[in-house]
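Peer 1: Chains as they are written, first to last, in this note's numbering: chain P, 1 to 369; chain L, 1 to 369.
Calculated from the structure, these hints are not laboratory results.
It is possible that some hints are incorrect.
In this list, chains with the same sequence are indistinguishable; a pair is considered to hold if it fits within one copy or across any two.
Result set (BS3-like, lysine-lysine): computed pairs, CA atoms no more than 30 Å apart in a straight line [as the list claims (entries may be wrong)]:
1. 251 - 214
2. 42 - 251
3. 214 - 338
4. 141 - 127
5. 210 - 258
6. 223 - 42
7. 127 - 42
8. 127 - 223
9. 289 - 258
As the structure is a computational prediction, the values presented were derived from the model and not from experiment.
Read off the chains here:
Protein chains: 2
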Amino acid sequence: MNNVAITGYGNTKFSQEEIPIESLMLEATKSLFDQNSNLNQKDIDAVLVTTNDNSKYLASILSEIAGIQPNAAHTVESLCNSGTNGIVSAYSYIASGLGDIALVVGAERRNSPGQILEWDKSRGEYKHPIFWGSIFTKSHKRKFGTTEEELAIVSAKNHKNARDNPFAYSDKVYSIDELMNSKILTEDLRVSDCSRPCSGASAVLLTSEKVASKFSETPVWIKGIGQKTLSAGFTKSQDFSSMASTIEASKIAFEMAKMNARDVDVAEIHDAFTVCELMAIEDLGFVEKGKGAQFVKTLYETEDRKINPRGGLIGAGHPLGATGIAQVIETTLQLQGKAEKRQIENARIGLIHNMSAAATSSTVLLLES
Amino acid sequence: MNNVAITGYGNTKFSQEEIPIESLMLEATKSLFDQNSNLNQKDIDAVLVTTNDNSKYLASILSEIAGIQPNAAHTVESLCNSGTNGIVSAYSYIASGLGDIALVVGAERRNSPGQILEWDKSRGEYKHPIFWGSIFTKSHKRKFGTTEEELAIVSAKNHKNARDNPFAYSDKVYSIDELMNSKILTEDLRVSDCSRPCSGASAVLLTSEKVASKFSETPVWIKGIGQKTLSAGFTKSQDFSSMASTIEASKIAFEMAKMNARDVDVAEIHDAFTVCELMAIEDLGFVEKGKGAQFVKTLYETEDRKINPRGGLIGAGHPLGATGIAQVIETTLQLQGKAEKRQIENARIGLIHNMSAAATSSTVLLLES
Chain P
1 MNNVAITGYG NTKFSQEEIP IESLMLEATK SLFDQNSNLN QKDIDAVLVT TNDNSKYLAS
61 ILSEIAGIQP NAAHTVESLC NSGTNGIVSA YSYIASGLGD IALVVGAERR NSPGQILEWD
121 KSRGEYKHPI FWGSIFTKSH KRKFGTTEEE LAIVSAKNHK NARDNPFAYS DKVYSIDELM
181 NSKILTEDLR VSDCSRPCSG ASAVLLTSEK VASKFSETPV WIKGIGQKTL SAGFTKSQDF
241 SSMASTIEAS KIAFEMAKMN ARDVDVAEIH DAFTVCELMA IEDLGFVEKG KGAQFVKTLY
301 ETEDRKINPR GGLIGAGHPL GATGIAQVIE TTLQLQGKAE KRQIENARIG LIHNMSAAAT
361 SSTVLLLES
Chain L
1 MNNVAITGYG NTKFSQEEIP IESLMLEATK SLFDQNSNLN QKDIDAVLVT TNDNSKYLAS
61 ILSEIAGIQP NAAHTVESLC NSGTNGIVSA YSYIASGLGD IALVVGAERR NSPGQILEWD
121 KSRGEYKHPI FWGSIFTKSH KRKFGTTEEE LAIVSAKNHK NARDNPFAYS DKVYSIDELM
181 NSKILTEDLR VSDCSRPCSG ASAVLLTSEK VASKFSETPV WIKGIGQKTL SAGFTKSQDF
241 SSMASTIEAS KIAFEMAKMN ARDVDVAEIH DAFTVCELMA IEDLGFVEKG KGAQFVKTLY
301 ETEDRKINPR GGLIGAGHPL GATGIAQVIE TTLQLQGKAE KRQIENARIG LIHNMSAAAT
361 SSTVLLLES
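Isolated chain P (complex conformation):
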């Protein structure tokens, strides 16, 4: 199997503005090209777009407006983990030998159709993600005694980290008290517990080992890939206080990379809701089940950015198809020592956790510098 590296990236700011999907894709792509003086449009073998947008043929549209004439070009969609599904597709394309260079661009408009789970006709009001978020939160509270304050700490930490991320939606720091008094949305969730839909785009360049050094002095390698889809409807899950697809995906990724959770220096976690960060930290094996809140409290108090250094979905915003790509970019920057104010010292191994629809499916990636 060919080794595959991440050797380029570009981001737009995540915002609440209404921006055409084409403009978002192009801005992230242009930023990627601006940071790679050795990259020429004609080098690119594949262009993948990851999005929930209803527009068709977006990979060809991006190719045309960016002056690229790739071999492979298509859109990849899997709700909120569209981005990492695109990364895995591009990895496969290169590792299989079909090409050497792939551009993956995740983009979403604020009013993305992926935000409503229309496909589960049995849900009624439950088609809005906040309802599964509420059930997960209530379940974790019941089983592990998780408190409102512990949830607020996740939000406080991620907002604080986001302040040092120039592409983040939020630039405000909040006290625990402020967050614990934010608007109540359901019995178990406040507005500060929820990630926000955003307009935004993120682009990465994946390359074969053969050409990686042409585009980066510090390529970051994809060492582990784990994915698992257990269902589409979330009521198939047996236990709402853990995420079975995340547990399975992480096992696959750690086994492929011959690593375990103790090896991980920095992690991007899919905190669609505050409780998801606690559950994922537990389910990925960073701590025992039920110990996630204490772990995050320590990170917050010691200003340790190990989990969600760019601010997570809660602090940075959640433009669905772009999120997985933005997570990969942040991890790459950390492993290259280029994360500036957000930098974690001596980070060498990074983990990305990206999931969809009440964790009915999950992707876990392991990167190494």
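With chain P held as given, fit chain L onto it using these hints.
Peer 2: Leaving out everything else, chain L in the frame of chain P:
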């Protein structure tokens, strides 16, 4: 690189009925399982859905209703060549070593949003494919003296072939005279020159060499893959009487397979309009430019099914995301000697040509038994 084989398939009938996308996907998948007694749901590593449908998370939805819990699962979209883009993705997934078994299901509803080229805001009325079909036809007529009768022969041949395809939309045979008097749609196109939107689905199983023999005594191997995207808008093309992306994609595929057009025993051609079959036959190198019509006339008169044995898009119907998959299934059946009344004697090498939006992008695949 691992070799990848096609070792299973299932089709629905292509029809003008309104059928939910979930039902279409499931019916084709069930047919595939029914024909593979050795296949168990837990064997499947990846589920890809190829469609232009606006519904989200369809690969996870199909997985749940079919009882599959795959690792990778997502939707692939590239308008009319979504199907072959999905095949190439599944090939890559297996060839890269990430998994051994992938299910690719193409499905479309008759009223698919992929039928209107909404994305090209400069087109005006040209967003309807019939307008680029007209320009292609006029251009081929001017340059090569192609006649209305020659176009009618393509339609007559493909309708005739479709009569022996139990999954085809059309079951009628037409005389050249009847077709030359069918309803006029534009100056250069009659209704009989156009493929029809349909509801339909097709499913294929791709497997690694390691496990192929478990699922088929006669696996068919993917030997050549060529893809090319030149633009999104069709006015970027320099010459409307040939399809540059098809020429480039076929070069890549033939080079990878170490084959040329003379080696091909049977071909599935993307006859969105009658003129497209003539242009593709020329651009793929079966005959010199301008000689496509004479070639098809001979096929028709000698009842040779070499080109579009299942009836092409014109005879079988064109459920966008399913078309590329249905083309791969027909070629597989031909190379296995299982095409019944449509069987071409001693077919050993097959070609699939699948394209999008005025041939702004093309896929060419080469299969060998």
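Peer 1: All hints, please: hold or fail.
Peer 2: Structure-based check of all given hints:
1. For the identical chains of this complex, residue 251 and residue 214 are inter-copy neighbours only, at 27 Å across copies versus 33 Å inside a copy, given an alpha-carbon limit of 30 Å.
2. Proximity of residue 42 to residue 251 under the C-alpha cut-off of 30 Å is restricted to the inter-copy arrangement: shortest distance 17 Å between copies versus 38 Å within a copy.
3. For the homomeric pair residue 214 and residue 338, the shortest alpha-carbon distance inside one copy (19 Å) is at most 30 Å, but the shortest distance between copies (49 Å) is not.
4. Taking the closest pair of Cα atoms, residue 141 and residue 127 come within 30 Å of each other only inside a single copy of the chain (23 Å); across copies the shortest separation is 53 Å, beyond that limit.
5. In this assembly of identical chains, the alpha carbons of residue 210 and residue 258 lie at most 30 Å apart whether taken from the same copy (23 Å) or from different copies (23 Å).
6. In this homomeric assembly, residue 223 and residue 42 come within 30 Å of each other (Cα to Cα) both inside a single copy, at 27 Å, and across copies, at 25 Å.
7. Within a single copy, residue 127 and residue 42 get their C-alpha atoms only as close as 43 Å, which misses the 30 Å cut-off; across copies the closest is 28 Å, which meets it.
8. With identical chains, the CA atoms of residue 127 and residue 223 are never at most 30 Å apart, being 35 Å at best within one copy and 44 Å at best between copies.
9. Proximity of residue 289 to residue 258 under the C-alpha cut-off of 30 Å is restricted to the intra-copy arrangement: shortest distance 23 Å within a copy versus 55 Å between copies.
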